[in-house]
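2 protein chains.
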Amino acid sequence: MSILVVGSVALDRIETPFGKVDRTLGGAATYFAAAASLFHPVRLVAVIGDDFPEDRLEFLRRRGVDLGGLEREPGESFFWAGRYDYDLNSRDTLETRLGVFADFDPAIPASFRDSEWVFLANIDPDLQLQVLDQVASPGFVACDTMNYWIEGKRDSLVELLGRVDCLMINDSEARELSGDYNLTRAARWIRERGPRIVVVKKGEHGALLFTETHTFFAPGYPLEEVFDPTGAGDAFAGGFLGWLAYTGSVDEDELRRAMIFGSATGSLVCERMGLDRLVDLEVDEVYGRVREFRELTAFDHPVAPVHG
Amino acid sequence: MSILVVGSVALDRIETPFGKVDRTLGGAATYFAAAASLFHPVRLVAVIGDDFPEDRLEFLRRRGVDLGGLEREPGESFFWAGRYDYDLNSRDTLETRLGVFADFDPAIPASFRDSEWVFLANIDPDLQLQVLDQVASPGFVACDTMNYWIEGKRDSLVELLGRVDCLMINDSEARELSGDYNLTRAARWIRERGPRIVVVKKGEHGALLFTETHTFFAPGYPLEEVFDPTGAGDAFAGGFLGWLAYTGSVDEDELRRAMIFGSATGSLVCERMGLDRLVDLEVDEVYGRVREFRELTAFDHPVAPVHG
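Protein sequences appear in the order of chains A and B. When we follow our numbering, the leftmost residue of the first sequence carries the number 1, and every step to the right adds one. When we follow our numbering, the leftmost residue of the second sequence carries the number 1, and every step to the right adds one.
To be clear, the hints were calculated from the coordinates, so they are not data collected in a lab. Check before you lean on any hint, since a few could be wrong.
[As the list claims (entries may be wrong)] Pairs of lysine to aspartate or glutamate residues, derived as EDC-like cross-links and limited to a Cα-Cα distance of at most 20 Å, are as follows:
(1) B:Lys202 - B:Asp87
(2) B:Lys202 - A:Asp171
(3) A:Lys153 - A:Glu176
(4) A:Lys202 - B:Glu204
(5) A:Lys202 - B:Glu224
(6) A:Lys202 - B:Asp171
(7) B:Lys202 - A:Glu224
For reference, chain A alone in the conformation it holds in the complex (with noise of 0.2 Å):
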């Protein structure tokens, strides 16, 4: 049972202090079906205009990726150009050019509604919400959202949280959700509203997973040398839920190697510009930094002494 992303493929123009791309590979969508389709097939969903070069999509075909669900349309495609600072951390957003995505409707291809993994990226939540009207009868929906739809249709999302399993949201976004600075709270708000499961991403200071029963954090990588975060959040969502569908669960303890998945899928983008790193990149070096992550975190617990 594949997975369905819906969102945004893009182009980008990207400047860091290490490097600066233009009309490079971008969206969300794009980063997620890369991510995901290294452990499992993904049909996607988009718009893109006629000056798009669909054949930067070809490694994502040659992957698994099904772009039955692909538009083209007359004008431009969405083009989004940022600047990060040396610190990496906070970024400038120069340019938006919705194009074509402006007027973005999905249609679910007819054979795109048995999917039982659903990722809806950040898009507008009364689309998220046309999405989930025309899939059958989901497994597992996760989704992604923005402080822009948390100020502007605030009701729509909080209609849609009724209808997820998963929301995946950054830190200042969950606070500014729920109004409460403290994750944990912040975490609950949320889970009382609908999802079951919430994921708080920290950037590079990890990823906390929510649930009725347990708490899980996933560290940030400490890597040596951070090129480009771009799509670093989309490109956890793709590991993640890619993990949980080729598992075929979503029990608590594939949940947590779905959090370290996602990190290192994560951690893996941030070391080349752009889409670059996940091009060629293969499952078994993720398997690598899964294996880093663990060497990263992990302690034998001692046993406490017993007192006479």
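Fit chain B to the given chain A structure using the hints.
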């Protein structure tokens, strides 16, 4: 073999959105001793003024802290006042009055000079060097510092690095000291100047341990209620060094455990105002928190599928 700690014993005024305390027990050496003495005997060297309510230190004595190096001088005790915002991550120092601490010239009592474990809390690096000159042959020396000394006493600090086994430092200070934003490279820069172990404290985002052969990460514990983070870093250092001294080892396994015992102790301190949580803290509670840390990060590492 006892742990020797040299540093400040102070009175603090702390304001957080959740409460306010005035002339409460504070100081880096106090927090360190209160934490480390849960695991191992401690010897404390510090100076207090004639205004200091010495009975407040009685709990340390009961817990095996030798206060034989506590000098009482005419004048005011070191006083610090700080205020935390709602996010509890950034704090403003409202007032610092050094008092008798301005002329602190640590004299290590003869009976303390055979100390095996030494923690040089955050004081003038020239004084830290002076302390080392007075200890016969310490087996393990750790030190802390701050931006004030990095900027004002860089040469002394670099000399000190050549004489310690372990530097414990905040992330922002590690960056300032090394001139490198990347913490992995910053830690290597520091290790190349002496300490074979570097611990970088990142507050609520956890702490990293760097040695020649491995990197270990201890997360910040996701507390639902944080009342006051004052002293958490020094309590971390106390738990860290206390654990190592208790086991008598600094091998990789014990260093990893020490990071978790430090994190556990540091996180517990944040649950009440000032030092309150440490006064009655039982070592079993720390072991309990260590178990929670294990739950927080444990995952089963899957084996990569074998390709045909």
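### Task
Hints the structure violates: just list their numbers, smallest first.
No numbers; nothing is violated.
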